[in-house]
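Undergrad: One line per chain: the protein sequences are H and B, in this order.
In case it helps, the numbering used here puts the first sequence at residues 1 to 337.
In case it helps, the numbering used here puts the second sequence at residues 1 to 137.
Hints are computed from structural coordinates only; laboratory data are not their basis.
None of these values were measured; they are calculated from a predicted model.
From the structure, some residues in chain H lie toward chain B, with a derived Cβ separation under 7 Å:
id, residue
1, GLU46
2, GLU47
3, SER50
4, ILE75
5, GLU76
6, MET79
7, MET83
8, ALA84
9, ARG86
10, GLU87
11, LEU91
Note that beta-carbon positions come from the ideal geometry of N, C-alpha and C, so glycine has one too.
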Amino acid sequence: MADTFSSMQNQYKTILKKYIEDKNEVVLYQAQQFSKKILENQVSPEETVSFHLEAIDEFFPKLPEGVRDSFELLIEVMMGFGMAYREHQSLRDKQKELEAEINVAASMQQTLLPANIPEVESLDIGVISMPATKMSGDYYHFIKDENDCIGLAIADIIGKGIPAALCMSMIKYAMDSLPEQRLQPGALLENLNRVVERNVAANMFITMMYGSYDPRIHQFYYSGAGHEPGFYYNYAEDKFEELYAKGLALGIKRETKFREYHKRVEPGDFIVLLSDGVTECRTVDGFIEREEIISLIRKYQHMTAQEIVDKVFYELERLQHFQLKDDFSLIILRRKV
Amino acid sequence: MGIQSNVEVQTEWGIVSARQAGRNLAKEAGFSSVDQARIATAISELARNIYLYANNGEIIIEFLENENVSPPRRGIKITARDEGPGIDNIRNAMEDGYTTSGGLGAGLPGVKRLMDEFDIDSRSGVGTEITAIKWLR
Numbered sequence: 001m002a003d004t005f006s007s008m009q010n011q012y013k014t015i016l017k018k019y020i021e022d023k024n025e026v027v028l029y030q031a032q033q034f035s036k037k038i039l040e041n042q043v044s045p046e047e048t049v050s051f052h053l054e055a056i057d058e059f060f061p062k063l064p065e066g067v068r069d070s071f072e073l074l075i076e077v078m079m080g081f082g083m084a085y086r087e088h089q090s091l092r093d094k095q096k097e098l099e100a101e102i103n104v105a106a107s108m109q110q111t112l113l114p115a116n117i118p119e120v121e122s123l124d125i126g127v128i129s130m131p132a133t134k135m136s137g138d139y140y141h142f143i144k145d146e147n148d149c150i151g152l153a154i155a156d157i158i159g160k161g162i163p164a165a166l167c168m169s170m171i172k173y174a175m176d177s178l179p180e181q182r183l184q185p186g187a188l189l190e191n192l193n194r195v196v197e198r199n200v201a202a203n204m205f206i207t208m209m210y211g212s213y214d215p216r217i218h219q220f221y222y223s224g225a226g227h228e229p230g231f232y233y234n235y236a237e238d239k240f241e242e243l244y245a246k247g248l249a250l251g252i253k254r255e256t257k258f259r260e261y262h263k264r265v266e267p268g269d270f271i272v273l274l275s276d277g278v279t280e281c282r283t284v285d286g287f288i289e290r291e292e293i294i295s296l297i298r299k300y301q302h303m304t305a306q307e308i309v310d311k312v313f314y315e316l317e318r319l320q321h322f323q324l325k326d327d328f329s330l331i332i333l334r335r336k337v
Numbered sequence: 001m002g003i004q005s006n007v008e009v010q011t012e013w014g015i016v017s018a019r020q021a022g023r024n025l026a027k028e029a030g031f032s033s034v035d036q037a038r039i040a041t042a043i044s045e046l047a048r049n050i051y052l053y054a055n056n057g058e059i060i061i062e063f064l065e066n067e068n069v070s071p072p073r074r075g076i077k078i079t080a081r082d083e084g085p086g087i088d089n090i091r092n093a094m095e096d097g098y099t100t101s102g103g104l105g106a107g108l109p110g111v112k113r114l115m116d117e118f119d120i121d122s123r124s125g126v127g128t129e130i131t132a133i134k135w136l137r
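Next comes chain H alone, as it looks inside the complex:
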């Protein structure tokens, strides 16, 4: 319950009286606490000055006229602070409203992401996706068909925040409308590119890596549209290779072809897909090297795919003092047996 205005005035009077009677640090500490209360109760600066004037007027009835008048001048001078203070309050309220609105939008955006990771006996999949602000420009997608084949995508909409988030909903619906291509990465990107090229502004584009995994023959097919290369971990040789797929980003040129690559995946091998928020982690020493990401993954590679992505994210977040500069997404898909 907020203190009433007159109770605030009385509290001030009491503190001032104590201070006049016995100047000491205890009272000054009380005054400091009181100043917090003043802000809590939204008492403006000019009102605070008037508290003082009325109190000393009461304590010293024979206040020289000039001293009294001088406070009128002080109140006038404080008016500017008062106006700035009230503007600050109103801007804070507005900010809260906007934040609430963005929270609603952010939770709506979450519904565009897959609710759960598909489960396939021979595979272990982990994913983490964290927006730098509330809305994310990163997108990932999983799909599993009746043969346990998996389609997976990771995309980065150039730009961050709300414009990127709006664009992301289009990608999601476009992908949902292309079910027959979900296991043909090249064809899927071609179709998606046409949708993006037609529907987004010329200065906006999207990078994507799309892959499909057939657990019956353990083949991984993939195509890329200007996306940050991923990694392929070869278990037999204990080596990380770059997982690169040549291709223009979506939305640049109407008729773009995307080359399809494939790889035979052996037990223990895993595929790492990431967004540039992972490789462009900025620390005091500059951008983090891809080598450093590999060594982080190595550090945790004995764990499950989900544990690896969580740990890697935590370490990179810590390196950046828990302030992400860009949206961060990391997917690991491992062949278990």
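Given the structure of chain H, go ahead and fit chain B onto it with the hints provided.
TA: Chain B only, in chain H's frame:
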């Protein structure tokens, strides 16, 4: 009571006279010194807008008494009227941080917050009329 002051605003002297008239009436009506300063500041901001953008206009300060409510309410009404260029985009002018003349928190939204009631009517090329009321607590 029908006390009313009309002040022409053409120069900065006009701003000062309008402030003075408002402060006197506020004091008479029984407003605290802080509220007097608020009313004077609101008048000041409105008069300054006239001086800067319309070159000439008037500030009318009236004593208000509403006996139809209980307890009866008393207050001060400020009317700022000019036949200047008008405000093209009132919505912008009422937005915090938009003001071009004042500093932090000043401008029309600042005036609105200093007073209890606020109304603005402005037409491009015709002029602006702003009314603001402060009630005695």
